[in-house]
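Spelled out, the chains give:
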Amino acid sequence: MSTADDQTVGMDYLESFPRKFLRVYLPLGLIMVFLLFPFYWMTVATFKPDAEMYDYEKYNPFWILHPTFEHITKLFFETDYPLWMWNTVIVSVCSTFISLFASVCAAYAIERLRYKGSRYVGLAIFLGYLVPPSILFIPLAAIVFQLGLFDGNLALILTYPTFLIPFCTWLLMGYFRTIPYELEECALIDGATRLQILTKITLPLSLPGVISAGIFAFTLSWNEFIYALTFISSSENKTIPVGAITELVNGDVYHWGALMAAALTGSVPVVILYSFFVEYYVSAMTGAVKE
Amino acid sequence: MAVMAEPVAAQIKRSSLWSRAFESRNFLGAMFMVPAIAILILFLAYPLVLGLWLGMTDTKIGGVGRFIGFKNFVSLSRDSVFWLSVFNTIFYTVAASIVKFAIGLYLALLLNERLPFKSMIRAIVLLPFVVPTVLSAIAFWWIYDSQFSIISWVLIKAGLISHYIDFLGDPWNARWSVVVANIWRGVPFVAITLLAGLQTISPSLYEAANLDGATNLQRFRHITLPMLSPIIAVVMTFSVLMTFTDFQLIYTITRGGPINATHLMATLSFQRAITGGNLGEGAAISNAMIPFLVAAILLSFFGLQRSRWQQGGRD
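For the protein sequence lines, the chains are A and B, in the order given. Numbering-wise, my numbering puts 63 at position 63 of the first sequence, and it's gapless, one number per residue. Numbering-wise, my numbering puts 243 at position 243 of the second sequence, and it's gapless, one number per residue.
Simulated from the structure, these hints should not be mistaken for lab results. Every residue, glycine too, gets a C-beta built ideally from N, C-alpha and C.
Subject to a maximum C-alpha distance of 30 Å in a straight line, what follows is the list of computed DSS-like cross-link-like pairs (lysine-lysine):
no.	chain 1	residue 1	chain 2	residue 2
1	A	74	A	58
2	B	157	A	58
3	A	116	A	200
4	B	118	A	20
5	B	71	B	60
Covered by chain A, per the in silico footprint, the following chain B stretches (three or more residues, Cβ under 8 Å):
no.	stretch
6	37-43
7	121-134
8	181-188
9	191-198
10	247-259
11	289-298
Using the sequences and the hints given, assemble the complete structure.
Here it is as structure tokens:
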């Protein structure tokens, strides 16, 4: 990715600043404002007292005159929000680890053991990636119910891997392909077993790939909505996105402050994780498309 | 791919059957595949088939359904709400995808320029894609509020309109509102993946074109676009798939309203199957999405093949 960072050609560097400002900085700035405004708005609403929130005549809506934590304390102490947060963490962590384990094994087998028919299995797994959750959730609800998993974390932990495994496997196959065969052959000659090769050679060398897949899988499970909405019914088992939408709206009464606080605090953990691993995240996202 | 070298160690004779089995690639391969295949068969392949079957039954929640053939589809074909949802889905997908592509490509070209703080800007641009869709949709819900919409407030202060806009109460306003929210969420994905594609184009091509006196537009038309077309095909397939099967944005912002004006096929199937309890009918609506999805995938797949062949790659 770093081969050609700039596409500046010839004497482009002579371009005057006002011209470049109009051609690049201004449109870029406008798009950034469009992309960032909802976050700004979310943050402002979270810390704004109700009096200012619903009175645009007296207070300028763009600023906060008296910042308050009342919405956040209400969210944390008067709703099940801490439970939703806990459920989201548990479900995301478990389904990510299950998916990573299954995907590392599958990708290694498809890419390196090359058993009979491995190419077709690889293709089938890629096709699985294209099956959207919105056509699976109805039959899955029936299955989850039959298995007695309904309304529990396990329902989500077991179903999230259906969209995580195809993605992770596909990504890891690409990483494993870049590791030279010679390394594995050397290890085989030295008497290593396949499992030792996987854990001592292939995995350490493809650690960036594993981290990328893990980060991406974690954010995907954190963001998942339709399965969680369908399979969970009681408030204390919900995840953040579902809880915010279903529990913070009482009929026609919208608790906008609490809703915004939930949106903000539910986004912050993924954003922090993302900011630490931006490069891995981007390589996971683009890697899955590039193949 | 290189030819797989036969493992040398496999030629060393070992006595027990067990240890020989562990050197057989087919046996080991099967063992390694077990976790992934088990989960994918139970929770992906089986539901896919079960969904096709459910669509041909009259199953209700908590009951056992009877096979009724294509009756669900026949009744749906006379259901104006279903056709409205088909129209909405196509409108939503086409409108959002075109704009996402246009803004995404433009943003990718801008980010490919020489910029200060480039990696930080790229990280920020991707934020709408990283944040949970439902949670950012809540922010849009508040932005579109009929009494406290910030957009209306700004337009009134600027003297452009006299009344607050009823964003989510009027059918066409609501449709465009959710399309804008979808564009907001989808642009970063398109832009960042296309940027990754742009960065693989060798600068020497541009230098050569420059020496030949090509203008900016010609360079874009004859170098950037053709070199980028394979990745455009993939990105847009994903984008179309995600938009066509979208559920979260609509469910959060409008729940399909006003009077079903923004119901997509996915939200309608949820409403009929889970809220209404008619699993069979809901499954039939989901199944009706499959032909569109297959068509989208095939279209981009063949588009991809053609552009690869144009570039002199094999197949």
